[in-house]
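**Student:** Chain B: place on chain A using the hints.
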Amino acid sequence: MNNAQIEIQLIASLVAMACAIPGTFLVLRKMAMISDAISHSILPGIVIGFFITQDLNSPLLLFLAAFTGIITVVLVEYIQKTGLVKEDTAIGLVFPILFSIGVILIAKNANDVHLDIDAVLLGELAFAPFDRLIWFGTDVGPKSLWLVGSILTVTILLLFAFFKELKVSTFDEGLSASLGFSPIIIHYGLMSVSSVTTVGAFEAVGAILVVALMIAPAASAYLLTTNLKKMLILAVVFGVFSAISGYWLAHFLDASIAGSITTMLGLVFLLVYLFAPSKGIIAVTYREKQQRTEVSLLTFLLHLKNHDELEERHVNHLREHINWQKVRAKSVLELALKNNMISIEKNIVSLTKKGDAFTSKAINYIITNEDAQIEDMKDDFFLFRG
Amino acid sequence: MAKNIAIKVDDLTVAYNYKPVLWDIDLEIPEGVLMAIVGPNGAGKSTLIKSILGILKPIAGSVSIYGKPYHKQRHLVAYVPQKGSVDWDFPTTALDVVMMGTYGALGWIKRPGQKEKKAALEALEKVGMLPFKSRQISQLSGGQQQRIFLARALVQNASIYFMDEPFQGVDATTEIAIINILKELRKEGKTVIVVHHDLQTVPEYFDWVTFLNVKKIATGPVKDIFNDDNLTKTYGINFKVSVQE
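Chain order of the listed sequences is A and B. Numbering-wise (our numbering), the first sequence opens with residue 1 and increments by one. Numbering-wise (our numbering), the second sequence opens with residue 387 and increments by one.
Since the hints were made in silico from the structure, they are not lab data. Remember, predicted model here, so these are calculated numbers, not experimental data. All C-beta atoms in this analysis are idealised placements derived from N, C-alpha and C, irrespective of residue type, glycine included. Hints are not guaranteed to be accurate.
To give an idea of the interface, some chain B residues facing chain A are shown, with a C-beta separation under 7 Å as derived from the structure [as the list claims (entries may be wrong)]: (1) R460; (2) Y465; (3) P467; (4) S471.
Bound conformation, chain A alone (with noise of 0.2 Å):
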């Protein structure tokens, strides 16, 4: 590996960092879809900041482009608010128009300026290492680079002080209002977070494929974990992992960088889809599965329970009893057996005494709801899990 490799998957590495921080708390306020609008809107600020500075990386032109970020929030919110029309609706009226503010201005001064269209929607990262910041004639690195992480700086600064502040009004909007972290302040430092560093990222990966830093790596550790300390590092690890991993694909297919990681963001979201162990899709069809086999065996048990007669309990007969095709009522009888619920006697079935116990503690569960009776059973049951 060169040194502008080694760079490269850095300057992505700390804007997939970046991005999935903001994005964790974007997931769970629901609010996935303003970053697309703020990735999109905030072009205008771009190029008026980069008609001033002449520099893709000034921090006037992050300031302004972070401005017009909140100004899309602002308007969403407001026209929102109005009650005519919904939020979707809202963010699918502001953003193109800002955008397409942005694409004009562009498009008016293309002769001039070195900023492009492509450029803006699929970013440069090849291009990074080229332009160097330079520090007393010393040779410090990409401008990229440093301007990348410091945003990723300052927003792990502002994480680590308004953790509890993030949760809180994340949480329960209510009570962080009558606590006195106000929602509001709140909801605009996240904004204004998310505007920054979609900036940032902006010329890494380019205004589409921002939204996919932000939002896949949180969705997928959102299928992972249940603790919201875990899901920010899991985000963090999934888009870092994305970003190298991403930067390779490129490299072998000689294909688009930002395309690339997007694809191995894709990529991750789809194998933690499937197989993640408890909301993964394999998982959840499992326990589908399962939770039918149990309710067959409760029907079954409860069968036996309330029938006395001999012809009821006939090996034979229960399956035109219970009304139930062969092979489930083979497996149905065949579990209970396992679990020492019946015996067979003379082709007679009949609880035993723990089949006996456990239907009538199903069946008291079922009927009162009250959870403290079954905590044991939850164990070995997914039907009493809820």
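**Tutor:** Positioned in the frame of chain A, the structure of chain B alone reads:
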């Protein structure tokens, strides 16, 4: 009988999009009562609580808690929002939610430590939820979630408790557990204000009641004012309370 006034509401008017949902409310809630706010859907019951707590800005009028505005008396007040107002899939545990009750006393930036954790565990114990402390909140039943919310309010160790429909969607056992804790709070001299739906249980649970339907209909001791007349005025239909034999 000159009881302290815990909460005083003066000429409070609250509007959504210029449509008043609370209209010129005057209310004095004495210290140490267990009060129900009753009224039909859309009567502004939750709005009243939220306005007292400064969550909603009124277009007119004022609120004071022990003679001072709410933002100066925050430490005296605990609030339990409606259970349905939060996302129970949020990645956090029962203990962590209860810990949130300690955030107010901590103020900005400062983190909860061992002291806060101990207080949260005690509150969990009080509502009988200690065995569930590490459980993810979506894995709790409705009644258990409500107990967690109650524990979160208890941990604030406040003087005034506001609860928005704490009995909604909970089983009978939890309802009794909750009301017993609320009665205990009253015994300790605290003021408890509950948005309540089930008129049948008002005389049994509460000693003070406010009838609300956009305007205040009546407020006072349950034994004096919980009658057919006020119920009819509030709900607009002829009411016969069968519970007071």
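**Student:** Quick one: which hint numbers does this structure break? Sort them smallest to largest.
**Tutor:** Hint check: nothing fails, all pass.
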